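There are 2 protein chains.
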Amino acid sequence: MKYRNFKVVPQVIFGRGCFNQLDEILSQKRKNGFIVFLVDDVFMNHAFRHRIPRHSEDMLLWINVTDEPKTRYVDSLVGQVRQFSPSLPEGVIGIGGGSVMDLAKAVALMLTNAGSAADYQGWDLIKNPAVYHVGIPTLSGTGAEVSRTTVLTGPEKKLGINSDYTVFDQIVLDPELIADAPADQRFYTGMDCYIHCVESLRGTYLNTFSQSYGEKAMALCQDVFLNPGADSDDKLMIASYFGGMSIAYSQVGVCHALSYGLSFVLGLHHGIGNSVAFDYLEEFYPDGVKEFRQMMARQGISLPRNLMAGMEDHRMEKMIDVALVLEPLWENALGKNWKTVMNRERIRQLYLRM
Amino acid sequence: MKYRNFKVVPQVIFGRGCFNQLDEILSQKRKNGFIVFLVDDVFMNHAFRHRIPRHSEDMLLWINVTDEPKTRYVDSLVGQVRQFSPSLPEGVIGIGGGSVMDLAKAVALMLTNAGSAADYQGWDLIKNPAVYHVGIPTLSGTGAEVSRTTVLTGPEKKLGINSDYTVFDQIVLDPELIADAPADQRFYTGMDCYIHCVESLRGTYLNTFSQSYGEKAMALCQDVFLNPGADSDDKLMIASYFGGMSIAYSQVGVCHALSYGLSFVLGLHHGIGNSVAFDYLEEFYPDGVKEFRQMMARQGISLPRNLMAGMEDHRMEKMIDVALVLEPLWENALGKNWKTVMNRERIRQLYLRM
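Protein sequences, first through last, are from chains E and Z. For what it's worth, numbering that gives the first Met the number 0 labels the leading residue of the first sequence as 0, then goes sequentially. For what it's worth, numbering that gives the first Met the number 0 labels the leading residue of the second sequence as 0, then goes sequentially.
Hints may contain errors.
Cross-link-like lysine to any residue pairs, in silico, SDA-like; alpha carbons within 25 Å at most [stated by the list, open to error]:
| no. | chain 1 | residue 1 | chain 2 | residue 2 |
| --- | --- | --- | --- | --- |
| 1 | Z | Lys156 | Z | Gly266 |
| 2 | Z | Lys6 | E | Arg352 |
| 3 | Z | Lys126 | E | Ile125 |
| 4 | Z | Lys30 | E | Ile125 |
Quick caveat, the hints were computed from the structure, so don't treat them as lab data. Treat the numbers as computed from the prediction; the structure is a model and nothing was measured.
The following block holds chain E by itself, in its conformation from the complex:
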């Protein structure tokens, strides 16, 4: 058996108000160049924008995440940075949810690797180390702050740029930054972590490293969404970090596979796609789905329904294609012989419930 030599984010700062230390952290990387900040445009008219430690020589890019990150958006951002200066930036800083962090990772990679981001969707296709890059979540649950992927929708597929170079060099985990997220967005993003734990802990790929992280992440999610308290933001932020770490030797399952199809064809955001799919997966994850519904009730969340109304056949087929190609997810969920129990028709029936 061969194990993954897991790349871990090498610098972590955690604590309420630690965002105030960002300028000092970046000052150690500054020489005579500039830094690029990618910031969720939700902060464009928010007092938080004035706390971003942008120097006069720096570049600030407001990022729109109405759509899930696309390879052509990455290419366009990289073009803007190259137009801004002929030299490489000294850092790329992503401030936002999973989409903004993924875009920051992708921009940092594509500044030092030729071609389009779409050329690198896959595993270990990146040739050169990225520009120094920092992740600062303002929504927690995706685990994007620790993962070795940046999930992108390309012309052909939704698939990450997976490489050790993708991993952030530094993350800044300040629970105060997630305090103002809208309740539904906070819930759906948190459920990305919770569902991921359910899938990995019930999966066939798992060892004690990932199990320990997954169990604690799950317990923290249970606290946050069933017994909220004054430290819920702190706990949600650590749940996301632990959930991301647990991916080292585990894999997600049925829900994430179906959710990828929903995102690709319907443009659903990852968190909401997971929640929509998970609610119909009692046969695979009975305890998890039961608890998920308790969390929804406790948090007053209503899922969108009837998403398949008027769905054309070719789009349904594409959705099934996108889900089916994720073989490791199916194998983790259903074992080596998963093809004997899962097929296009069964996936179609699952989608038709949604």
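Add chain Z to chain E, keeping to what the hints say.
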């Protein structure tokens, strides 16, 4: 409030048998130089020695850990490496318990920093990055595999070389390597982790990052020592890793302070010193001490007793000095006003019980 920007070991491999991947991992660092292996001399006549991926150009140093690591031992090892070759090694690999790992960290640091290891006992005194260094535990519990210190006994004091450069570049966590440790050593080293969790979780320095790691480490220790099973080695190894990570934003307490004195004056190993001291600290840690005694009973461990018999006054005074100087530990345990409740006489009385 200012938070520590915590340096994390950037590459982790975990799994039964993953030690077999060491040669492949090192091959990525090899150019035309050599690698130094520091290996616990308990393996000198053990089949395991043949599994060490030593190439003909490499250097192997058998390490004796009868005594706790001393600065002059570090200096002597560094001298041997310099005598072996005028050029720096491409890696320093420590294979053993906490003492061997600490020595490997110290040698990697002192190869690139002039003078004696004793000159760098303290915080952030190291000037230059270390040689690439890898930690491979064969005993679990100290957290030395993840810590930013290497605890050394110098001519004047027992104090670590604390710096971000101290942290390993890679750790190899193979639970099979800890399977053959003697039961008492395994217990005392495991108790280093357990006691550390008790102290940090009850301390006044703590946040959710450290609490989450500490709680899970403690739960894993409880499993290992009260309800052992087939995966106990895996769990103990992760408990140690989590315990080490929890130190980021926490601190140890009364037990570790007293244990440092025991080590300095009596030469007690750290794990056994902790256990000896902890057994008399019911007034500070009532639940922890109770559970610790259950673990001792379950594991059939008898502590050494009457350690103070015939203790000369000047040695007792020195022991109190060593314990008292550890101000952050006392403050963590007893609060900002700890000096109103702890003094030389009370420490003497605590030592006299042992």
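Given pair status - Ile125 of chain E, Lys30 of chain Z, alpha carbons within 25 Å: holds (22 Å)
25 Å limit on alpha-carbon distance, applied to hinted pair Lys126 of chain Z and Ile125 of chain E: Roughly 33 Å between the alpha carbons, so the hint for Lys126 of chain Z and Ile125 of chain E is violated.
Satisfaction of hint between Arg352 of chain E and Lys6 of chain Z, Cα-Cα up to 25 Å: At roughly 47 Å apart (the allowed maximum being 25 Å), Arg352 of chain E and Lys6 of chain Z break the hint.
Restraint check for Lys156 of chain Z with Gly266 of chain Z, where alpha carbons must lie at most 25 Å apart: holds (13 Å)
When the structure is compared with the earlier hints, violations turn up for hints 2 and 3 and for no others.
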